[in-house]
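Novice: Sequence:
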Amino acid sequence: MIYYKRDVFYPKKRERISVDPVTHAAVSFGIFSLANSAPAPFSPSLIGNIVGSLAPDFDIVLRMWGPLTYLKNHRAQSHSVLGITAISAFTASLLTLIPGLPSEGFFQIFFWTLLGALSHSILDILNSHGIKLLWPFSCRSFSIPLLNIFDPFFIFPFFLITFLPGDAFSKHSLFLLAMLYLIFRFYIRCRIARYLKLKYRKKALHRVLVMPSMFGIFSWIFIVETKKSLLVGSINSFPKKLFKPVLKELLKCKDHPMVQLALNSKPGEIFKSFTPFYYIDLIRKGEYFYVQFYDLRYLLKDRFLHSATVIVSEEGDLLEGLFHPFSPENCIAI
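Going by this note's numbering, the first residue of the sequence shown is number 1, and it counts up by one from there.
Just so you know, the hints here were simulated from the structure itself, not pulled from any lab data.
Some clues are possibly wrong.
BS3-like mimics (lysine-lysine), calculated; alpha carbons at most 27 Å apart, straight line [to be verified]: (1) Lys266 / Lys202; (2) Lys227 / Lys199; (3) Lys285 / Lys248; (4) Lys272 / Lys72; (5) Lys248 / Lys272; (6) Lys202 / Lys227; (7) Lys228 / Lys248; (8) Lys203 / Lys248.
Simulated restraints on C-beta separations [stated by the list, open to error]: (9) Ile183 / Phe42: 20 to 26 Å; (10) Phe238 / Val81: 54 to 60 Å; (11) Pro136 / Lys272: 14 to 20 Å; (12) Arg63 / Lys227: 37 to 43 Å; (13) Ser103 / Ser138: 21 to 27 Å; (14) Phe111 / Lys227: 29 to 35 Å; (15) Leu94 / Asp255: 53 to 59 Å; (16) Leu94 / Gly286: 55 to 61 Å; (17) Leu54 / Leu205: 28 to 34 Å; (18) Arg303 / Gly166: 16 to 22 Å.
Every residue gets a Cβ at the ideal spot worked out from N, C-alpha and C, and that includes glycine.
Starting from the given sequences, assemble the full structure and let the hints guide the process.
Specialist: Shown next, in the form of structure tokens:
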């Protein structure tokens, strides 16, 4: 996928792209409450469930080795089936050894811890970043983009399940309401995709992608790939027209030897593994070519979050590779 565009704007501050930890804990605790109407405050299963719902994001410690290491490995090992199973087994083993906690069997604690960790991974699948579910057997990212980083309409039923008194029927009805909301979001996403296909039906469509925006609950990011260009922008849940100020047309670039060199370089390989949706800007400045990669998944008004730059000489020598997480002001040598 090679695309060309000039004059791209960026955010001036760092933005969060992960699902809010409150959402992870609330959903997991809500599911636990469905089967345990009055859990003991220090129940090992409850503690394991909450720890499991948060533990996959403990990979934040990778920030100690820099943002590039963190972003390359975030939602990989710790979010995979193998990773959450190992986390759950370790947590359950630890909780069985802590004195003073109520006595519960290892497999009971392991089950609820694993359920918490699994709910975490499933929630992360439901936004644009996705997770590497089958790591280390596959590095493919799995994503069904339906939710942004915090959606009160989705999380509110789980708070009610957890904190409001009620019978089992009421709590299961609230859980069903949350699932119906996900189905509604899926319907809206499909509806927008159909709308875009109809609107651009004369442009020789290749594919249409729709993803939730980072913050707006009722707005979505779209990518429409045509024969000659790529259209990127925002659209609301019940579109009457596109939001014109944020619509970008990215013209596809012809194959260029410097672009191919950058694509096959270490920075290019890293960026391609980081995002499946990107485009490339090729700019010549004097004797140097600047090949710039942009991640299309995160659009704030007219701004993309992540980018990378590969600088190549006229002779085809790779001079420098830089990764720009969250802002072009962040320059990390690759």
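Novice: Output the indices of the hints that this structure fails to meet, ascending.
Specialist: The structure conflicts with hints 1, 9, 10, 13, 14, 17 and 18, although it agrees with all the remaining ones.
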